[in-house]
Amino acid sequence: MAEGSSSIKTNLPLVLPSRTARIWRERIIASVLFLAAISSVLITLVIIYILFSETVIFFEKVIELDQMSLWQALLEFFTGTDWSPLIEPLGIGILPLLSGTLTTCFVALFVAVPLGTIAAIYLSEFAPAKVREVLKPILEILAGIPTVVYGYFALLVITPVLQKIILGVQQFLFPGREEWDYFQLPGFNMLGAGISVGLMVLPYICSLVEDALQAVPLELREGSYAMGATRIQTALSVLIPAAVSGIVAAYILGFSRAVGETMIVAVAAGLQPKFTFNPLEGAATTTAFIVSVSLGDLPHGSLEYQSIFAAGIMLFLATLFMNVLGYFLSRRYREVY
Amino acid sequence: MVKPTEGAVVTQQEPLKKLAEVRDLNFYYGHNHALKNINMPIYEKKVTALIGPSGCGKTTLLRCFNRMHDLYPGNRYEGQILLGADQPRNLLEMDPIEVRMQIGMVFQKPNPFPKSIYENIVYGLRVRGIKDKAILDEVMERSLRNAALWDEVKDRLKEPGTSLSGGQQQRLCIARALATDPKIILFDEPTSALDPIATVNIENLIVELKDQVTILIVTHNMQQAIRVSQFTAFMYLGELVEFNDTMSIFTKPVEQKTADYVSGRFG
Ligand SMILES: Nc1ncnc2c1ncn2[C@@H]1O[C@H](COP(=O)(O)OP(=O)(O)OP(=O)(O)O)[C@@H](O)[C@H]1O
Ligand SMILES: [Mg+2]
Numbered sequence: 001m002a003e004g005s006s007s008i009k010t011n012l013p014l015v016l017p018s019r020t021a022r023i024w025r026e027r028i029i030a031s032v033l034f035l036a037a038i039s040s041v042l043i044t045l046v047i048i049y050i051l052f053s054e055t056v057i058f059f060e061k062v063i064e065l066d067q068m069s070l071w072q073a074l075l076e077f078f079t080g081t082d083w084s085p086l087i088e089p090l091g092i093g094i095l096p097l098l099s100g101t102l103t104t105c106f107v108a109l110f111v112a113v114p115l116g117t118i119a120a121i122y123l124s125e126f127a128p129a130k131v132r133e134v135l136k137p138i139l140e141i142l143a144g145i146p147t148v149v150y151g152y153f154a155l156l157v158i159t160p161v162l163q164k165i166i167l168g169v170q171q172f173l174f175p176g177r178e179e180w181d182y183f184q185l186p187g188f189n190m191l192g193a194g195i196s197v198g199l200m201v202l203p204y205i206c207s208l209v210e211d212a213l214q215a216v217p218l219e220l221r222e223g224s225y226a227m228g229a230t231r232i233q234t235a236l237s238v239l240i241p242a243a244v245s246g247i248v249a250a251y252i253l254g255f256s257r258a259v260g261e262t263m264i265v266a267v268a269a270g271l272q273p274k275f276t277f278n279p280l281e282g283a284a285t286t287t288a289f290i291v292s293v294s295l296g297d298l299p300h301g302s303l304e305y306q307s308i309f310a311a312g313i314m315l316f317l318a319t320l321f322m323n324v325l326g327y328f329l330s331r332r333y334r335e336v337y
Numbered sequence: 001m002v003k004p005t006e007g008a009v010v011t012q013q014e015p016l017k018k019l020a021e022v023r024d025l026n027f028y029y030g031h032n033h034a035l036k037n038i039n040m041p042i043y044e045k046k047v048t049a050l051i052g053p054s055g056c057g058k059t060t061l062l063r064c065f066n067r068m069h070d071l072y073p074g075n076r077y078e079g080q081i082l083l084g085a086d087q088p089r090n091l092l093e094m095d096p097i098e099v100r101m102q103i104g105m106v107f108q109k110p111n112p113f114p115k116s117i118y119e120n121i122v123y124g125l126r127v128r129g130i131k132d133k134a135i136l137d138e139v140m141e142r143s144l145r146n147a148a149l150w151d152e153v154k155d156r157l158k159e160p161g162t163s164l165s166g167g168q169q170q171r172l173c174i175a176r177a178l179a180t181d182p183k184i185i186l187f188d189e190p191t192s193a194l195d196p197i198a199t200v201n202i203e204n205l206i207v208e209l210k211d212q213v214t215i216l217i218v219t220h221n222m223q224q225a226i227r228v229s230q231f232t233a234f235m236y237l238g239e240l241v242e243f244n245d246t247m248s249i250f251t252k253p254v255e256q257k258t259a260d261y262v263s264g265r266f267g
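Residue numbers (our numbering), protein chains in the order written: chain R, 1 to 337; chain F, 1 to 267.
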């Protein structure tokens, strides 16, 4: 034994790398890592600066063109219900874009939150290991489909189906009229777009809720089963309360993605800004407006060009608000286990 | 391998009643043969301790009683665990939920649910579909009193169960198990995560509870086995080496392995 251990000792390297070389290597590594970390912060700050400064220029132009004070312009911006910064007379009320964004998001969450949560509970608590191994990668593939595909899916599949359903329901409830007397769902509508956005965020929500459920400690799960609870009782009354911070964070992230979604709504909801919360109508969302305007050649510095930033800043503030809210909500519920 | 000695049974004052009996029990984690031919009785309203070195299968045996192994695929039981004094039924062939409704469990680490103290206690009743507030209130108070926790928490029943200290949380878990009036409560090293004072409290509680309920406890602490139990089973490498009344196991063990273990020579 003694011989064995001494022979192991002699195998240890006796020459360590030089101390100064080591210190310098550490320093270089630390500064490279620091640069990588700081660059993302810097880029974010630059983006915010550009958004703000271009928005200021937008308001300056509006004030100059319409001969109104800054306060009037801001009031008009936040309360006006007409958004037409490209045509005279100028409409600079942001509400139509916000209502479009909120309506599609609401429809999207209406689809994605219940479906995503149920699917996550199934995957995490009910699915046999084999089923989960197949379904999880499929969910991840769904999350990787380009969103423009979802847009055309809404336009070419969801909306026609919805049109048939809505017509059929009306014919069933009020029979005996000519087909054109019934309400027709327009080809561009926020319902179809919203459902499609919902399908797009569904895999994210499902996957994150599933992660949150899986993260619940085993003792809690077993404690519930040991009391004679069934799987569904355990899932609903122990696991979901235990995972609530992660679940709320999943919903908020889903909402943020829905707010920022561009191609689906641009393709399927139409590009006409309209102040309405009725999902059966078409309307432009904030993001759809931004792409539609920037599709044409925009002279740098024109009011059209500046209006993109004014709309963009609303989008930025909306997602920022949701992310901060999500942060505090998940903090608020964290101390449960 | 020694069969339960009849002598042990005779030395007891009152007549002993078997509440459950393990017969030729084998258990497999997949291909891992973790319990080998276990035979032992569980006497009603007594504390039975399971002792033995780490990895000998104490937890595995305990979790057979409430069919916890059913939660994971690949586990397999063979043999019988008969439950009930008069008309024994093999609980390995019953519906696991039905088994768990009669056999409660307290875990190594306190595991209060993310709910109020009140809701933690009545969880087992809610699971059984009992909604009557009067019944819930009554059972809740009785269970907390039985677990010697009532005075400490009666003014804060709405607070989360996790706001209690570790020892209080463990008594909360005991109260939760008591609330459904189980035939047996299983304890898996219930004090290993607690400080000495909380440990003494839990031990005293177990001693008191044995008048109401049958208890099976896994422990690493031999002093604890002596303090709380009337019967002790010594296990080694998946086998039951010796079962007897606790005094006999610790003062005049029959098997050499048991003697070595209880005198601290290994394990
Ligand atoms: N989930 C499992 N899958 C496979 N083997 C397992 C599993 N759990 C335990 N075992 C094995 O079964 C044997 C008994 O384990 P068990 O947990 O019952 O021991 P124990 O006596 O409770 O030990 P300790 O005192 O350390 O808690 C061990 O050899 C262990 O490796
Ligand atoms: Mg154990």
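A hint or two may mislead.
[Said to hold, decoys possible] What the simulated footprint calls covered on chain F by chain R, stretch by stretch (three residues with Cβ under 8 angstroms from a Cβ of chain R suffice, anywhere in the stretch; the number is not a length): (1) 102-115; (2) 124-133; (3) 173-184; (4) 187-193.
[Said to hold, decoys possible] Residues of chain R placed beyond 10 angstroms of chain F at every Cβ, according to the derived structure: (5) TYR49; (6) GLN72; (7) LEU102; (8) LEU123; (9) PRO217; (10) GLU222; (11) VAL238; (12) ARG331.
[What the hints assert, rightly or not] Ranges of calculated distance between the beta carbons of each label pair, as one might list FRET restraints: (13) VAL161(R) to GLY166(F): 52 to 58 angstroms; (14) TYR122(R) to ARG142(F): 53 to 59 angstroms; (15) TYR152(R) to GLY166(F): 54 to 60 angstroms; (16) ASP137(F) to GLY144(R): 35 to 41 angstroms; (17) SER165(F) to PHE34(R): 38 to 44 angstroms; (18) GLU141(F) to THR276(R): 55 to 61 angstroms; (19) TYR122(R) to ARG89(F): 29 to 35 angstroms; (20) ALA193(F) to LYS130(R): 32 to 38 angstroms.
Quick caveat, the hints were computed from the structure, so don't treat them as lab data.
Yeah, the Cβ is synthetic: ideal placement off N, Cα and C, and Gly gets one too.
- [ ] Could you check the hint for me, namely that VAL161(R) and GLY166(F) are 52 to 58 angstroms apart, CB to CB?
- [x] Distance hint for VAL161(R), GLY166(F) holds at roughly 57 angstroms.
- [ ] For TYR122(R) and ARG142(F), compare the CB-CB distance with the range 53 to 59 angstroms and indicate the outcome.
- [x] With Cβ atoms ~38 angstroms apart, the hint is violated.
Open item on the list: Over 10 angstroms from every CB of chain F: does LEU123(R) meet that, or does the non-interface label fail?
Closed with: Label holds. Min Cβ-Cβ 16 angstroms, cutoff 10 angstroms.
Open item on the list: Just to make sure I understand the rule, a stretch counts as covered if three or more of its residues have a C-beta closer than 8 angstroms to a C-beta of the chain. Does the stretch 173-184 of chain F meet that for chain R?
Closed with: holds (count 4)
Open item on the list: Just want to verify: GLU222(R) was marked as not at the interface with chain F; is every Cβ pair farther apart than 10 angstroms?
Closed with: 6 angstroms, violated
Open item on the list: For the hint 55 to 61 angstroms, verify it against the beta carbon of GLU141(F) and that of THR276(R).
Closed with: Holds, since GLU141(F) and THR276(R) (Cβ atoms, about 56 angstroms apart) stay within the stated range.
Open item on the list: Quick check for students: does the CB of LEU102(R) sit more than 10 angstroms from each CB in chain F?
Closed with: 32 angstroms, holds
- [ ] Just double-check ARG331(R) for me: nearest Cβ-Cβ distance to chain F has to come out over 10 angstroms.
- [x] 15 angstroms, holds
Task: Satisfaction of the hinted span 29 to 35 angstroms by the C-beta atoms belonging to TYR122(R) and ARG89(F) - done: 33 angstroms, holds
Task: Claimed clearance of chain F by TYR49(R), with the beta carbon kept past 10 angstroms - done: 43 angstroms, holds
Open item on the list: Tell me whether the statement that chain R covers the stretch 102-115 of chain F is true, taking a Cβ distance below 8 angstroms and needing three residues at minimum.
Closed with: With 8 residues in contact (Cβ-Cβ under 8 angstroms with chain R), the coverage given for the stretch 102-115 of chain F holds.
Open item on the list: If we take the beta carbon of VAL238(R), is the closest beta carbon in chain F still more than 10 angstroms away?
Closed with: Answer for VAL238(R): violated, closest chain F Cβ roughly 5 angstroms.
Hint check: violations occur at hints 4, 9, 10, 11, 14, 16; the rest are consistent with the structure.
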